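Asks: Just need the whole structure built from these sequences, with the hints factored in.
There are 2 protein chains.
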Amino acid sequence: MTSRTNRQVLLRRRPTGLVGPDDTELVTAPAPEPADGEALVRTTYIGIDAAVRTWLDDQPGYLPPVQIGEVIRAAGIGEVVASRCDAYAVGDVVTTLTGFQEYVIVRDDVFTTPVAGTDVDQRAVMSVFGPTGATAYFGMVGVGRPAAGETVVVSAAAGATGSVAGQIAKIAGARVVGIAGGPRKCRAVVEEFGFDACIDYKRGQVAADLKEHCPRGVDVYFDNVGGEILDAVLGRLAHNARVVLCGVISSYLTGEHPGPANYVNLLAKTARMQGFNALHEWGRFDEAFAALRGWERDGLLVHREHVIDGLESCVTALNGLFTGVNIGKMLVKVSEPTSR
Amino acid sequence: MTSRTNRQVLLRRRPTGLVGPDDTELVTAPAPEPADGEALVRTTYIGIDAAVRTWLDDQPGYLPPVQIGEVIRAAGIGEVVASRCDAYAVGDVVTTLTGFQEYVIVRDDVFTTPVAGTDVDQRAVMSVFGPTGATAYFGMVGVGRPAAGETVVVSAAAGATGSVAGQIAKIAGARVVGIAGGPRKCRAVVEEFGFDACIDYKRGQVAADLKEHCPRGVDVYFDNVGGEILDAVLGRLAHNARVVLCGVISSYLTGEHPGPANYVNLLAKTARMQGFNALHEWGRFDEAFAALRGWERDGLLVHREHVIDGLESCVTALNGLFTGVNIGKMLVKVSEPTSR
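Protein chains in written order, with this note's numbering: chain A, 372 to 711; chain B, 372 to 711.
In short, the hints are calculated from the structure, not lab data. Quick caveat: nothing in here was measured; it's all calculated off a predicted structure. Don't take each hint at face value.
Each pair may be met inside one copy or between any two copies, as identical chains are not told apart.
[Said to hold, decoys possible] Once the Cα atoms are required to be at most 20 Å apart in a straight line, the calculated SDA-like pairs of lysine to any residue come out as:
hint, residue 1, residue 2
1, 582, 440
2, 541, 426
3, 640, 514
4, 704, 422
Replies: The structure is reproduced here in structure tokens:
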């Protein structure tokens with residue numbers, strides 16, 4: 372057993388807005404030794420999700436807030452380097468709640484999933500063949516249910532979830548319109564992810580642009596942002612529309628989420644707005660991955676990652692989500708993967 | 372053929388807030404003669420629904436606005452007094468869009484339904500065995516879907532739709548909490564309609580009262596009012612809750628409907644908010660009426676009407692909906708029914 376050091380990013384103070392320099396601390400501790408029933412994982416990539424920012428607030432959610440002094444929670448991927456349990460062998464690749472750290476102890480629990488195969492593209496697992504892809508899949512296929520010929524709108528369309536969700540709607544035969552910030556992202560949404568059009572919300576005329584691009588109304592809206600954009604799309608719903616609530620990124624920095632006055636359109640259009648959490652579909656993730664891998668094989672689904680190097684970049688990467696840095700999945704590369 | 376006069380209430384000016392004295396005019400015209408394919412109906416009762424007020428605004432909805440100079444639209448019931456069509460014989464009782472008038476021409480169309488039976492309780496048809504009852508039925512059974520042991524909240528619980536919707540939830544085995552304005556209504560909701568409890572929103576502490584009466588959260592919310600009350604209930608949702616949007620009476624006088632900030636709870640609780648319109652279930656109304664009549668026969672369902680006499684009282688009755696006059700269905704009696 373070699374003696375390993377474990378660099379970790381701890382929460383020192385609850386941030387207001389973007390995470391500031393005094394809100395976190397990078398520390399170095401000895402890596403833990405696995406006890407009976409445990410294994411030790413070396414983190415390769417950490418996924419930078421908007422949800423991470425919500426866990427830094429003292430608000431109850433589907434997971435408890437990160438406490439002051441704790442490692443910042445995040446979903447990541449890594450390789451088993453020591454094992455004292457039957458579930459994982461040394462060399463296995465697993466996704467788990469790595470947190471912002473180089474090593475993490477795992478058990479045979481719901482948050483840890485072995486990744487099948489010997490030549491695993493770990494970045495692709497993080498961006499599409501893992502929880503992010505499952506979120507896009509179950510949100511679009513299970514809740515949005517687009518039919519051929521329908522109009523689907525996806526916000527944060529250049530992001531990890533939105534870019535996959537929109538491609539799934541295209542595969543279902545829908546006309547798909549993205550919403551993203553700035554010409555660079557809008558170009559990627561159309562040219563790379565194959566959406567039919569993309570509205571640049573920074574032009575400040577989302578309602579008018581929606582009218583132009585969705586002349587028959589919006590049948591499915593996959594919402595990652597909330598706020599004014601949600602309100603604008605609610606004002607443009609078609610009859611029997613489905614609004615999939617996946618995230619409220621517009622409110623994560625402020626904690627404020629103005630109510631959408633156009634919710635009354637749900638009544639006028641006999642439409643439905645539904646929140647969902649892919650974790651509730653845990654037992655069916657294999658179904659999602661099989662579909663997603665099939666589509667990729669058939670050339671119908673692309674994925675993209677924005678990778679930043681080094682554990683010390685985690686906070687920068689997290690803030691970057693909110694300042695519009697990434698196209699596709701934001702990842703921090705912590706160590707070199709063996710498998711790919 | 373006797374010569375009949377037809378008193379009518381016409382829209383003269385679009386009201387702001389409550390309907391004022393100069394907004395309508397009571398006129399007397401000759402009753403029309405039915406042409407081929409038509410019948411003439413003598414109105415007995417006019418149903419006073421909140422929707423009537425929305426049709427006076429120049430806003431598109433599921434029906435077009437009433438135009439200046441037109442008879443104010445409303446759903447009512449009456450008896451056929453002359454017929455030149457196969458669908459209706461003299462003496463038949465029909466529900467139709469009578470409007471605020473003593474006589475109306477009907478055709479064989481979707482808005483006109485013959486009422487079966489020779490000894491018809493016309494008031495009961497208006498309050499529960501007609502579109503109002505169908506609205507409560509399809510909203511609660513089809514969209515809300517309460518299960519035994521769940522907690523159901525109904526706003527405007529003393530009103531025509533809410534009082535029936537809550538009783539349907541009780542029949543399904545749910546614990547049912549009403550929301551109504553003032554102790555007189557709250558007492559009726561519990562003692563007459565059999566709800567388990569009723570919150571008086573005029574006490575100004577709906578959120579705290581919901582916490583007390585719904586300790587495990589709200590599984591189904593049947594919303595007739597929108598506004599602050601909707602927001603308060605959204606703040607109290609249980610996991611996988613269903614919010615049934617049936618009306619927004621809080622906004623009908625002002626045209627303003629503040630967005631409910633707690634809509635984000637739909638995401639946190641993976642809940643669903645859905646608008647519906649019973650007219651979309653037109654072809655299944657008989658199913659609703661059979662169920663409702665069966666429950667009444669078994670002593671599980673009561674109904675109540677607040678009846679005001681005389682066509683000239685229609686506007687007073689309509690305003691009364693918004694000032695809190697009625698318990699149960701608000702009706703204007705225009706002429707004596709033959710059948711009962």
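Asks: Report the numbers of all earlier hints that the structure fails to satisfy, in ascending order.
Replies: 1 and 2
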